[in-house]
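With chain V held as given, fit chain S onto it using these hints.
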Amino acid sequence: EDQVTQSPEALRLQEGESSSLNCSYTVSGLRGLFWYRQDPGKGPEFLFTLYSAGEEKEKERLKATLTKKESFLHITAPKPEDSATYLCAVQGDTGRRALTFGSGTRLQVQP
Amino acid sequence: NAGVTQTPKFRILKIGQSMTLQCTQDMNHNYMYWYRQDPGMGLKLIYYSVGAGITDKGEVPNGYNVSRSTTEDFPLRLELAAPSQTSVYFCASSSLSDTEAFFGQGTRLTVV
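Going down the list, the protein sequences come from chains V and S.
When the letters of the first sequence are read in order and numbered with the numbering used here, they come out as residues 1 to 111.
When the letters of the second sequence are read in order and numbered with the numbering used here, they come out as residues 112 to 223.
Please note that a few of the clues may not be correct.
To be verified - Between beta-carbon pairs, the in silico distance windows are:
(1) V:LYS69 <-> S:ILE126: 39 to 47 Å
(2) S:MET130 <-> V:ASN22: 36 to 44 Å
(3) S:LYS125 <-> V:THR26: 36 to 44 Å
(4) S:SER129 <-> V:GLU9: 32 to 40 Å
(5) S:ALA113 <-> V:ARG61: 39 to 47 Å
(6) V:SER24 <-> S:VAL171: 19 to 27 Å
Stated by the list, open to error - Here are the computed lysine-lysine pairs in the DSBU-like style, where the Cα-Cα straight-line distance is at most 35 Å:
(7) V:LYS57 <-> V:LYS42
(8) S:LYS168 <-> V:LYS42
(9) S:LYS125 <-> V:LYS59
(10) V:LYS63 <-> S:LYS120
Read the hints as simulated data drawn from the structure, not as lab findings.
All C-beta atoms in this analysis are idealised placements derived from N, C-alpha and C, irrespective of residue type, glycine included.
Chain V extracted, bound-state conformation (with noise of 0.2 Å):
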């Protein structure tokens, strides 16, 4: 069984503090770990896709890195626009394509 874990639970940083998220995963044939972002009331939104062990993905202040066991989402110079929930998902190698969640980091940026 597929199982996504996220670290912390809550993060708070004042603008301009650079940290990073953690998401370590046990998968059966990794297809692909997803990072998304979701704000209050909306869907979650796509930010990067890391197919294998060593790739990095940025974009703006995010940069994504992955390992045989873990992902981490580094923030640069967080901005309080970027405060959200950061959701990690794995899809292993079935047929069917759902991704497996893990309960998602919930990032604090105050100006």
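Same frame as chain V, now just chain S:
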């Protein structure tokens, strides 16, 4: 493109009532999914479909039913609403070639 559209956005049901949550996508995606999200929890897969006429159970299917008569639509049916079904429901879709899923804005359902 509208992407994935869910209706209604909010609904209050009484115990034992039934309702259908609507989901439609305009991206010609083969795969569609229904998830539920409880407070502080990750999304749990209810049902999924790999194409028109084909559906299968996810992790938490009890109390729900689905159908997929067209590529675009994937409605979720609650037959006898129970308080345990109070949740936010998300529909999502993905294509054959891309692995990422695109989500609707959600339906917040309260059963009282």
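Legend entry - Index of numbered hints that the structure contradicts, given in increasing order: 5, 9
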